[in-house]
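Protein chains: 2
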Amino acid sequence: MAKEKKLVEQITSMDEDFAQWYTDVVKKAELMDYSSVKGCMILRPYGYAIWENIQKDLDARFKKTGHENVYMPMFIPESLLTKEKDHVEGFAPECAWVTFGGENKLSERLAVRPTSETLFCEHFRNVIHSYRDLPKLYNQWCSVVRWEKTTRPFLRTSEFLWQEGHTMHETREEAEAETLQMLKVYEDFYLEALAIPAITGQKTDKEKFAGAEATYTIEPMMHNGVALQGGTSHFFGDGFAKAFDITFAARDNTVKHPYQTSWGVSTRSIGAIIMTHGDDNGLILPPTVAPIQVVIIPIAQHKEGVLDKANEIRDRLADTLRVKLDDSDQSTGWKFSQYEMKGVPVRLEIGPKDMENNSCVLVSRVTREKKFVSLDNVEAEVAAMLKQVHDELVERARRNLAEKTHIATTMPELLDVAEHKPGYIKAMWCGDVACEDAIKEQTGGVKSRCIPFTEEKLSDTCVCCGKKAKHMVVWGRQY
Amino acid sequence: MAKEKKLVEQITSMDEDFAQWYTDVVKKAELMDYSSVKGCMILRPYGYAIWENIQKDLDARFKKTGHENVYMPMFIPESLLTKEKDHVEGFAPECAWVTFGGENKLSERLAVRPTSETLFCEHFRNVIHSYRDLPKLYNQWCSVVRWEKTTRPFLRTSEFLWQEGHTMHETREEAEAETLQMLKVYEDFYLEALAIPAITGQKTDKEKFAGAEATYTIEPMMHNGVALQGGTSHFFGDGFAKAFDITFAARDNTVKHPYQTSWGVSTRSIGAIIMTHGDDNGLILPPTVAPIQVVIIPIAQHKEGVLDKANEIRDRLADTLRVKLDDSDQSTGWKFSQYEMKGVPVRLEIGPKDMENNSCVLVSRVTREKKFVSLDNVEAEVAAMLKQVHDELVERARRNLAEKTHIATTMPELLDVAEHKPGYIKAMWCGDVACEDAIKEQTGGVKSRCIPFTEEKLSDTCVCCGKKAKHMVVWGRQY
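As they're listed, the protein sequences go chains A and B. What the first sequence shows, in this note's numbering, is residues 11 to 489, in sequence order. What the second sequence shows, in this note's numbering, is residues 11 to 489, in sequence order.
Hint data in this document are derived by calculation from the structure and do not stem from the laboratory. These numbers were taken from a predicted model, which means no experiment stands behind them. Just to be clear, a hint being listed does not mean it is correct.
Where chains are identical, the list cannot tell them apart; a pair therefore holds if satisfied intra-copy or between any two copies.
Think about it this way: if two alpha-carbon atoms lie no more than 27 Å apart in a straight line, the pair counts; the simulated DSSO-like pairs of lysine-lysine are [what the hints assert, rightly or not]:
#  : residue 1 : residue 2
1  : K115      : K74
2  : K48       : K115
3  : K146      : K266
4  : K431      : K73
5  : K93       : K115
6  : K115      : K216
7  : K477      : K319
8  : K66       : K334
9  : K313      : K252
10 : K450      : K37
11 : K380      : K73
12 : K146      : K66
13 : K74       : K95
14 : K313      : K38
15 : K345      : K431
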């Protein structure tokens, strides 16, 4: 029994103006606020609680795969940042620079970390001496700064929160396996915790991380067909190890350089949640990371016994779920729309009539389907609906991804799709950066997302230059 | 059955050189490492794991008392920092200043947050409009920067990790109650999680936080009698609210300024753990925050069945405890001293002879007492010994605090104690800052720690000037 009435009128409709819809949701669901520091945002309690749940889920996955957390300084001396040539070229232009400590001008300026490869390398040099010291499997949770000209909440801000994993290994093979393992951890996390399916694969050389040999990526598609780079995993070979003179005594008594990886997921993932699942009534949060998984709304709460019963149900559910009972004096209609706006996956209504029947009403935030369930097994019923919400979100996102993925075998086809059909374009590519540049220029911004792990052979020739094709690439616009 | 042999020879003895002992422990237990950024430290996995356990414990206490986590930007524009006069005077001299974003000189320089009152106030101004919006009970976990000339691991570093709570209230009384509630939370946390008893009370005006009306403090005493400010809770009145023009529509339809608090605990607390509990064999960690609560050392591990049994015990304990089995090929003696150094509260030994008796050996890190226990109820036995370790640590620290607290009623007495007896000095005070200054100068660094909540009347007159005494003050040197 779907209830189609739009209860929250203040949000711009998605179809009308997706960017404005996004901003409305972010502000009205109280996820963030602007600050007087240009490009930096405030994570409000509801937004930060999502991040805490993301951290908890991801951190458990990292620990399960043998990683340990550490904390590195937030500053990088300029001389340290410049040790690896490609890396500094990539990051120096967007660093915030500290030049004064108190009243004193610093003898060397310090970058606020844009990423911490260089700091980790300096530390690895101190703690890695023998193959017995390997692997080092480290991660840190912190904020980083990349000076951005134009910013958007969660998607592109001058400061953002993230985790950055940094590992060192005895062999190239082991480091490559780690790089792919962590991409798989991200893929599982996106699917299982955020209910977001995605394309995964390798970045082209043009799009890879500054200083990496290979970058792997997870690329979920937003509701409007635009890509969001959800997480990346980099294989460095021994490039940084050589630049930082990190060596170890190997099993064969030679001295070797270790092989390195890094990988990261940030608060952008919250942007991905909003734009993958949200609708014209606001947020829809996947149950695993929703700060409130079930909201209990008492109906006719002034009637005898209603609040007692609501409290009793709250206490029963609170053992295993994040549950909130709203017994404020706001109207029931206001409460319905408020928690829809905030994307609470399941609403539980309990009133005098329900009590007579020893039942309550569950409403799914996705389908708005109402279900009358017995209070005897309300825990199991709520858990089942939460699972259903998760599955429906995955299914909907899968459908969106499939429907908005197109194929192009010629350049006119590609240009036509790029102009008229939002989404991804699968097309063959010769491997030449000139073709990537040409496609980006002619489409006004379509870039290679990745070479997917499972390539299809669409034709023999590059969609752009007509030469022999090397790879199938997924192309698309990005946030 | 105490075993007094000193197994770890590399650590300087505490009595010989306490400062060197501290540095040795911090390095050899692999809690931290230095970085090339002057005054900033690297928290290594073992050190960071302690911080994670501290966070988990404290965060639960904050949430239980109704607080929500948020995240504020790490930068404060200079004009924002200077809005509250006393506050900026206190912090501007030790700020790190960002002056460039990428290639561009900033029009206004940004301080890396030394503390975030000003950022919270700016946000509170946006989100507080009515008494219905109060109280706001916020906390954030982050790092802060205070440019220090001389630094020591955990105790004084240019960047450190902490939590900072910031709250706003309808009335002065409610805010005062919050200030004291959070000090009590800290007191409980220190005692229950860190096994550290402490003196609590109010700071004198000279020692209070820049911009606060009143500062309350928890002051544990280190093993050598020196104080460490363990956490502070500040009552701001409506001073910041006025400076930042934060108002709300009150219940009586007037417009009012809300009342404010802030409170913080940092990674200094790890320094407190080390210096309160450690001994000449290294760290001793309180069980609640120890990364490894029980280490299992197999004896004669090549003998049939030993490792199987050790693994079986590990699996049984791992359900409720943080347990590690060391089956590496290092010698048993090396393992014993290694985990003593790392302060693991309980060691469990299991060998062929124990297996014959269906028993194992538990050794307390504090008393080094050996206990033979049946494997049938090893979970309960280990839990009991962990509780015993906690209680013994508290008891020992209490004894140290009592033994090293002295009374002085005259200035010669105070000077004599300050010179010859490390620890706290209880003495009466007239309330005049001139006497605080005189005592500090004449003793070469003894400062007022606090006016304890439970004052005693030691005499009628100020220990320094002889005028009528207003308060009993606890005095002491500090880290």
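Right, here's what the structure says about each hint:
no.	hint	result
1	K115 with K74	neither (45 Å within a copy, 45 Å between copies)
2	K48 with K115	both (24 Å within a copy, 14 Å between copies)
3	K146 with K266	within (15 Å within a copy, 56 Å between copies)
4	K431 with K73	neither (42 Å within a copy, 47 Å between copies)
5	K93 with K115	both (23 Å within a copy, 24 Å between copies)
6	K115 with K216	neither (38 Å within a copy, 30 Å between copies)
7	K477 with K319	neither (71 Å within a copy, 65 Å between copies)
8	K66 with K334	both (20 Å within a copy, 22 Å between copies)
9	K313 with K252	neither (74 Å within a copy, 44 Å between copies)
10	K450 with K37	neither (32 Å within a copy, 52 Å between copies)
11	K380 with K73	neither (39 Å within a copy, 33 Å between copies)
12	K146 with K66	both (22 Å within a copy, 25 Å between copies)
13	K74 with K95	neither (34 Å within a copy, 50 Å between copies)
14	K313 with K38	neither (32 Å within a copy, 66 Å between copies)
15	K345 with K431	neither (38 Å within a copy, 65 Å between copies)
In this structure, the earlier hints numbered 1, 4, 6, 7, 9, 10, 11, 13, 14 and 15 are contradicted, and the remaining ones agree with it.
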